[in-house]
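Going down the list, the protein sequences come from chains R and Z.
My numbering applies: residue 1033 is where the first sequence begins, and numbers increase by one.
My numbering applies: residue 1033 is where the second sequence begins, and numbers increase by one.
Incorrect hints may appear among the rest.
Claimed, not checked - Residues on chain Z that point at chain R, a partial pick, calculated with CB under 7 angstroms: (1) Gly1084; (2) Thr1087; (3) Glu1088; (4) Ala1116; (5) Asp1126; (6) Gln1295; (7) Thr1297; (8) Val1299.
As the list claims (entries may be wrong) - Cβ pair distances, simulated, as ranges: (9) Z:Arg1077 with R:Val1172: 56 to 66 angstroms; (10) Z:Ser1259 with R:Ala1116: 52 to 62 angstroms; (11) R:Glu1200 with Z:Val1172: 55 to 65 angstroms; (12) Z:Thr1297 with R:Gly1171: 22 to 32 angstroms; (13) Z:Glu1074 with R:Pro1196: 53 to 63 angstroms.
These are calculated hints, taken from the structure and not from any lab test.
Here a beta-carbon is modelled for each residue, glycine too, at the ideal position from N, C-alpha and C.
There are 2 protein chains.
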Amino acid sequence: MNYSVQLLGISNAIVDVLAHVEDELIEKLGAVPGSMTLIDLERAREIYALMGPATEMSGGSVANTVAGFANLGGSAAYIGRVKADQLGRIFNHDMRSLGVDIRLQAGDDGLPTARSHVMITADGQRTMQTYLGACTELGVADITPDTVATPKAVLIEGYVWDLPEGPELTLKAIDIAKQNGTTVALSLSDSFCVERHRDSFEHAIRNGVDIVVADEDEVGALLQTESYDDMLESLNDYDNLFAITRSEKGSVIVHGDEHIVQQATPVEEVVDTTGAGDAYTAGFLYGWVNDQSLPECAKMGTICGATVIQQLGARIEPGLLDDYRG
Amino acid sequence: MNYSVQLLGISNAIVDVLAHVEDELIEKLGAVPGSMTLIDLERAREIYALMGPATEMSGGSVANTVAGFANLGGSAAYIGRVKADQLGRIFNHDMRSLGVDIRLQAGDDGLPTARSHVMITADGQRTMQTYLGACTELGVADITPDTVATPKAVLIEGYVWDLPEGPELTLKAIDIAKQNGTTVALSLSDSFCVERHRDSFEHAIRNGVDIVVADEDEVGALLQTESYDDMLESLNDYDNLFAITRSEKGSVIVHGDEHIVQQATPVEEVVDTTGAGDAYTAGFLYGWVNDQSLPECAKMGTICGATVIQQLGARIEPGLLDDYRG
C-alpha cells in the first residue's frame, strides 16, 4: 500500500488564549475550576475583556497530537475548519511550518476561528471556556476521498461528535478509511464528551475504529466501570486496541486479554500537565505507523508525555525521539 | 498639581511573534544574530512563513514598561497606533486589562498592526525582524492636550524618532508636558537607534527631557565614549538624570557629579534577558512617581529587572513590589 501520509488528524482547530487569573474570576464566571465549557461569541468577548494580558498559541487536542507527531518526524495531514482571519492564519501557519498538509482552505466567510480562553489560577489549574466558531462549520462535504486521501492512520477527536454534522462526517471518514486500509484511531477527548456520545462512540468502536486512545476516566465513562480491574475485564469484550494513560501510574495498552503495562517516566518537576495525553498519543502513533512493537509504542508515548509535562505549553518540540533507541 | 495619571507612555505598539528557530534560518535571512531589523509587510509574511510554530504576545519596549508599571500598581496611560485587526485587539486588550488608559482609537483603515518576529536560537539569542505598520501612522495630530493630558511623567521611546512624523510629534509631546509640569523621560531604545538620531536626541535631552533611561551601550553611543569612566565624566556636563543599566554590573544613576551605584540582584538562573531594561524602567519610574529617593528608585528598578530575566517573556507579573519595603 502506498500511503499519502502517515497520519491524518480530524478535529477542532483552536487557538488558545492563555492568561493568569485570580480565583475570583473563575467564580464570577460561574465556571467549574478545571472544566471546559463551550461558549458563544458574545460570551467569548466578555470573558476576553475580563481576562488579564494573554498569550496566543495554537491548540486543540488532536491538533496538538498532529503537530507533535510532525515534530517527531512523521508525515501528517490535517482536516479542521478555520476562517481566514488572524487567528486562523496563526493556526494554519503553525501547522504548515511543521510540514503538516492542511487539507481544507481557510474560509473567507462564516464564523471566526475558534479560540479557547485558558484561565490559569495560582494553583496551576486550567479552566477553559471555548468558542468553537468556524469549527462548527466542518461538514460532511469536507470529508471526501480527496481530502482524506490514503493515510496510514487517521485520528479523529471525540469532540468532533459535538459538531452539527459531526456524527455523519466521522462515519464518512471511517468509511473512506476502511476502503483504503487506513487504521482508524479515536481519541475520547474528555469524560463529559464520552457521557454525551456514549452510544455513538460505542457504535463507532464496534464498527470501524481500530485504536482507542484515552485516559482512564474516559474509558471508565465509556464502559461505565468504576475500578481499574472492572475496566480491564470489560475491555476483554472488545477487539480494539486501547491505549490508556493513567497519569503518574503510567499507561496500559489493552488488546483483549493482553495487557502491556508501561511505568511513568520519573520527572523532576511537573510544570504543566496540559497536553500530556495528546503528546502520549503522538508518540504512541509515531511508533505505530513506524511498525514498532506495542511495548515500543507505549515507551515512545510515555517519553513524549513526560516531556510535555515538564514544559509550559502542550506541543512537543522538534526531534524529541531523535536520540531514542528502543 | 492634579495629575491625570502617574505615567503616560508614547511608543510603538507591537505584538511579538516568538518562535524557536535553527541558526540556519538567521543565516538564510541575512540577519545579524541578536539584532533588530525593520522590514516591510511582504518580508514580514515571508519570514512568518519560514518560522516554526509561534506564540503571540504583546510587546514593544516602552509598552512593556507601561504594562509593568501598571502591574506594579501605578496608574498609566498609553499613546501608540494599532489597527482594529486581531493583533491590534490583542495589544489593546492586554493594555486595558491592566487598567492602562488607551488614548488613541484603533484605526479601521490604514496599515496592519505592527509585529516583531522574534526568532530564538538554541543559544537563547533573539534576532528580531519588525514590521512597524500602523505604528508609522502615529502623527503630530495624535499628540494633543487631550491625549497627553497631565501625567506626572511621560516616557517617550527613542524608536519613535524613526517614524515619519516622529521628531515633530515628540517635540510637541515634550512641549505639552513642560506646560503641565510633567516630568519627561526618554528611553534611548537601542544603540543603533541612538546612532541614527544622535543630534535629535542630544537636542531633546538639552531641551526638555528630565530623565534619560538607557543601558551603558546606548549612553556610550550618545556621548561617543568608550569607557565607563569617560561616560561618567561626559555626563558631568548634563543637568539631566541618567538611569543607566549595566547588566550583571547592576545600574548607576548619574546626576551631574552625583553617582548612585546599585549592585545587580544575584539570580539563580537567567532564563531570558528580554525586557530586563524595560522592567528596570518600570520599577525605577514607579519609585520616581511615588516620590521615593533615588537609591530606592534604583532598588525597585533592579528588583523588576532581576525578576524578568528569570522568566520567559518581557512583561512583569502583577504585584511584584507588593512585599517590597525599602
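Hint numbers the structure violates, sorted upward? 4, 6, 7, 8, 9, 12 and 13
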